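For chain G, the structure is supplied; the task is to place chains W, C, U, L and P on it using the hints.
Chains as they are written, first to last, in UniProt numbering: chain G, 1 to 164; chain W, 1 to 164; chain C, 1 to 164; chain U, 1 to 164; chain L, 1 to 164; chain P, 1 to 164.
Honestly, the hints are just simulated from the structure, not real lab data. No experiment lies behind these values; they were computed from the predicted model shown. Any given hint could be a false lead.
The list cannot tell twin chains apart, which means a pair is met if one copy fits it or any two copies do.
[To be verified] As a list, the in silico DSS-like pairs of lysine-lysine whose alpha-carbon atoms are at most 30 angstroms apart:
#1 Lys70 x Lys23
#2 Lys70 x Lys153
#3 Lys153 x Lys23
Number of protein chains: 6
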Amino acid sequence: MSQSNLSHFNNAGEAHMVDVGDKAITQRTAICEGAIEMLPNTLALIMAGNHKKGDVLGIARIAGIMASKKTADLIPLCHPLPLTHVEIQLQPQVDSCRVHCLTTVKTNGQTGVEMEALMATQIALLTIYDMCKAVDRGMVIQGLRLLEKSGGKSGHWQHVEGQN
Amino acid sequence: MSQSNLSHFNNAGEAHMVDVGDKAITQRTAICEGAIEMLPNTLALIMAGNHKKGDVLGIARIAGIMASKKTADLIPLCHPLPLTHVEIQLQPQVDSCRVHCLTTVKTNGQTGVEMEALMATQIALLTIYDMCKAVDRGMVIQGLRLLEKSGGKSGHWQHVEGQN
Amino acid sequence: MSQSNLSHFNNAGEAHMVDVGDKAITQRTAICEGAIEMLPNTLALIMAGNHKKGDVLGIARIAGIMASKKTADLIPLCHPLPLTHVEIQLQPQVDSCRVHCLTTVKTNGQTGVEMEALMATQIALLTIYDMCKAVDRGMVIQGLRLLEKSGGKSGHWQHVEGQN
Amino acid sequence: MSQSNLSHFNNAGEAHMVDVGDKAITQRTAICEGAIEMLPNTLALIMAGNHKKGDVLGIARIAGIMASKKTADLIPLCHPLPLTHVEIQLQPQVDSCRVHCLTTVKTNGQTGVEMEALMATQIALLTIYDMCKAVDRGMVIQGLRLLEKSGGKSGHWQHVEGQN
Amino acid sequence: MSQSNLSHFNNAGEAHMVDVGDKAITQRTAICEGAIEMLPNTLALIMAGNHKKGDVLGIARIAGIMASKKTADLIPLCHPLPLTHVEIQLQPQVDSCRVHCLTTVKTNGQTGVEMEALMATQIALLTIYDMCKAVDRGMVIQGLRLLEKSGGKSGHWQHVEGQN
Amino acid sequence: MSQSNLSHFNNAGEAHMVDVGDKAITQRTAICEGAIEMLPNTLALIMAGNHKKGDVLGIARIAGIMASKKTADLIPLCHPLPLTHVEIQLQPQVDSCRVHCLTTVKTNGQTGVEMEALMATQIALLTIYDMCKAVDRGMVIQGLRLLEKSGGKSGHWQHVEGQN
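So that you can see chain G by itself, here it is in the shape it has in the complex (with noise of 0.2 angstroms):
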């Protein structure tokens, strides 16, 4: 195994954004997920406003939206994309008390879209964190892991449980 295996550094070791001006323009989509795991009465706040109102899903969806859009401002050495859908679903998980999200990001583009679909994950979650500390400081956020991408050079890529 050799240290050129991390592409993000040039033969010298040194931190580069890697050229990808040769790679194709196809379409390419990423799916992660993740949770954040609370209190019983925290939840019930969350699933008691979610259909009412202090839409704490609401508000964690539109951040986790808007953040994905920053992926390139905030992680040193990604590429900027223009995303051409991003999609996320937070879901309220009575049994093992917490919400789970789940995150879609597509686009055009030269290369994948999995920071951005973790990126809109993670702040979601970290949205949810903000809204519920005052009565819950205890909440973590677990599992956040890319499921699945398709599209580029290295092709479609799955997620197996229990694998990995």
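For chains W, C, U, L and P alone, coordinates are given in the frame of chain G:
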């Protein structure tokens, strides 16, 4: 427990940036942790780079520090705060095959810096994902949580293992 | 009336960020209003969504709050200010077929927050335009104005209907 | 008219960034207008500065152009777009005691640039407010609207006076 | 001379945002200079525009002021600071065929504003490059340096010609 | 030589973002250089850190890459561009007691990337200043210039020593 527990909403259930104008300016600290799990080979690559060239952790640390300064841009109802200190420790842990991140943020202000510390931690871990994803798409971010906070009216809070 | 009335220019007529270093830190408030006029059907769609799903006004409110924090990024000679409170009320008005926006912004600082309140109002209204433009391109934003300000050396100011 | 007319929401009524990945890339143009009304003396100050020093309109023009590039940062569900042209005309109108703003924005892209043109117009007018507010707090922004758009599937649209 | 002289690194040699929480808030000033050298014809074009139309220096001044507010976004370990004053003087110097830039920045804060003053100077000069590059690609930015600073624990410092 | 040589102004002498909508998309490259001069002891500290800990140059490189992505945010009339490659080489030069910076930026686009390459160079050098200023306030940034560009209608251009 009433809806009014979620202070980010007014009586009409509408989101607002909470009025902190009458709060005292006190020294505030927040300490957070999180980790990114990966394949043994990926961790080996990171650890090799850390001591010679291809410094993944050094870049992740910078990304996390820079992100902490953008917290109010990303989290909709966060108050902008002039941070006085940000420290990020990234520790490879061979036994659990992960990089652990411990972040401390301080300010003198009218609100706490929990979100800034969580943001720094999260973006540092996402940056590790970005730099290693070409060799390991299955990395997972786990256990992003607040460990401790001090300052302000609500005073000192500490995470207790096994509780929340 | 001399040129020096426009304090954003020095004696040579060159723009500068005015020196506020010797001003006292006082509590400052600004209240603004504005409205977006639309077709009756458009307003009906918004009002339906506000109570069930498709929450246009909730998203506009978040966009306005977030924009208030970016005022100094967008208005060239504005001083950066740490806001302590932002509140946006969006009120559908069936008779006049429009959504009215009333915004309150506060800070403890050396300059006022009129621009932050106007910015929040304007971006909230533009976000309504964005979300409804597919069904109504002819919407118009009207009457964006300061209603009241307090704090600072110039003290209290209030808009009087029919005067300026 | 059904809820689904508001394309920024999916079938569950949740906001998303609409998928434009299959839309053709076409040349798109949007033309907007707006105005800021003020006291005669304020307009006189601006007009004096425009020709000699204290160039309020020149600064407002720059602020508007720069803001057009940040539209996707500010409007939650806007797609990021690489603009190819922005032109802002600021015209003092003595009879109506106001400055009129006419903005043209172009791109080659998958979505239109109406929001970018409205944003540029609005921030240019707000910048005029900022620079003149010390002498005239009662200025009002009026009539911010789309005048014309072309390109894309929905084709050409033009504002007709007295309609919409 | 020990490594610890570079305060941006902790004892482990890892970058951090230095803790300034215990520093006094004092009035701080920084004055910087820099210049851009160009062909005589380019300088003539700028000087013509400065008095009539095509105001290169006015736009460069605005760009520099706006950039000073983004210093903490761009310089990784800079503390965010609320600036109280920014002044940029751009002086065409026919004999040396260049535009000279002199920038003053002030704040009341816990750290100095040297970086903000250097940033404003640099972006003002780069903006001149941008606007004139179509007629003169060989322009060179020279002599960007701190001239003077005051405030804070380290007190007053002044550049002495021929020394450092 | 007419005013129209400065393409960033229209016939009325007003600034605009030049219309590039009809330009061909070609591969474009820009190469820039610049340097920061310092005391021998400062350079020694940097060189020590570069190989062990306290990696000033690694952090400066990241800052430069990230800044290149913000060029259109900072330079008023720059077109936003999706960069495909950024590479920054920072070379300590003991004889001349300075760090030299050589930057290459590429895109496939309708306008060139000279400004992005200059921006990356400048922010990398300013970051070195920031990290070393506690031990050497007299550092000077010199010789920031374009060395070479290719692509686009104006084609290849190369700096010739002793000429412009």
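Here is how each hint holds up against the structure:
With identical chains, the CA atoms of Lys70 and Lys23 are at most 30 angstroms apart both within one copy (23 angstroms) and between copies (23 angstroms). Within a single copy, Lys70 and Lys153 get their C-alpha atoms as close as 25 angstroms, and across copies as close as 28 angstroms, so both meet the 30 angstroms cut-off. Proximity of Lys153 to Lys23 under the C-alpha cut-off of 30 angstroms is found in both arrangements, the shortest distances being 8 angstroms within a copy and 23 angstroms between copies.
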